[in-house]
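Listed below are the residues making up each chain.
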Amino acid sequence: GAGVSQSPSNKVTEKGKDVELRCDPISGHTALYWYRQSLGQGLEFLIYFQGNSAPDKSGLPSDRFSAERTGGSVSTLTIQRTQQEDSAVYLCASSLGGGGGNQPQHFGDGTRLSIL
Amino acid sequence: AQKITQTQPGMFVQEKEAVTLDCTYDTSDPSYGLFWYKQPSSGEMIFLIYQGSYDQQNATEGRYSLNFQKARKSANLVISASQLGDSAMYFCAMREGAGGTSYGKLTFGQGTILTVHP
Numbered sequence: 778g779a780g781v782s783q784s785p786s787n788k789v790t791e792k793g794k795d796v797e798l799r800c801d802p803i804s805g806h807t808a809l810y811w812y813r814q815s816l817g818q819g820l821e822f823l824i825y826f827q828g829n830s831a832p833d834k835s836g837l838p839s840d841r842f843s844a845e846r847t848g849g850s851v852s853t854l855t856i857q858r859t860q861q862e863d864s865a866v867y868l869c870a871s872s873l874g875g876g877g878g879n880q881p882q883h884f885g886d887g888t889r890l891s892i893l
Numbered sequence: 020a021q022k023i024t025q026t027q028p029g030m031f032v033q034e035k036e037a038v039t040l041d042c043t044y045d046t047s048d049p050s051y052g053l054f055w056y057k058q059p060s061s062g063e064m065i066f067l068i069y070q071g072s073y074d075q076q077n078a079t080e081g082r083y084s085l086n087f088q089k090a091r092k093s094a095n096l097v098i099s100a101s102q103l104g105d106s107a108m109y110f111c112a113m114r115e116g117a118g119g120t121s122y123g124k125l126t127f128g129q130g131t132i133l134t135v136h137p
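If you read the sequences in order, they're chains W and G. Numbered per our numbering, the first sequence finishes at 893, counting up by one with no gaps. Numbered per our numbering, the second sequence finishes at 137, counting up by one with no gaps.
Possibly wrong hints are sitting among the right ones.
[Stated by the list, open to error] Calculated cross-link-like contacts (lysine-lysine; reagent style DSBU-like; alpha-carbon spacing at most 30 angstroms):
1. G:LYS35 with W:LYS834
2. G:LYS92 with G:LYS35
3. G:LYS92 with G:LYS22
4. G:LYS22 with G:LYS89
5. W:LYS788 with G:LYS89
6. W:LYS834 with W:LYS788
[To be verified] If you want a taste of the chain W side facing chain G, the calculated C-beta under 10 angstroms gives, among others:
7. ALA808
8. TYR812
9. GLN814
10. LEU820
11. SER835
12. SER839
13. LEU868
14. ALA870
15. GLY878
16. HIS883
17. ASP886
18. GLY887
In case anyone wonders, no lab produced these hints; they're calculated from the structure. Since we're looking at a predicted model, the values are computed, not measured. Positions of the beta carbon are idealized from the N, C-alpha and C atoms, including for glycine.
Could you put together the complete structure from these sequences and hints?
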């Protein structure tokens, strides 16, 4: 399809394990964003990529969280030593350009992460 | 202070009627953009409509329109002729700045659950 693709759609893991979440943005979209959606916190920004660079990592909640983007396309969000409070839906979005402007962000279906 | 406030946790509307979902925002940046997204129970976030802070006219997209009152810092979404498929969570979001350090990230409100009754 032509939309943002995220995998896996669901992930259940034990506390303390590492997880990797993948995002494949819309072709040609240079800007890529990760958000987290949880009942208690709503929708929170995590990190922004422009190309392969991440000029804004201000939303990452701790150093257990990291992300990379390669080839200006696919991005991976890694959570190390998962904790129960990491349980949430992780959403990826992409847009034609970052910064200002009226370009909307197009979202994937998210990865539902459950930490046992 | 909350940057985006949606004061209606839930709203009900009869099919074919119009409904207004409220959104107020707080920013000192003269350049900003306001977005509305729909999230059905299936979970995907669907972009509905955009209003820029310098736009002179209220945005419209099909059955969706945005009642933008800049002085009051409100950007209410109006859905006309509601349909059963409109039942979903609706989020108001703001992008601050014209670029630079804002990077276009969105700040979201808590959302409003809309239920359309037949």
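_Earlier hints that do not hold, by number_ = 1, 5, 12
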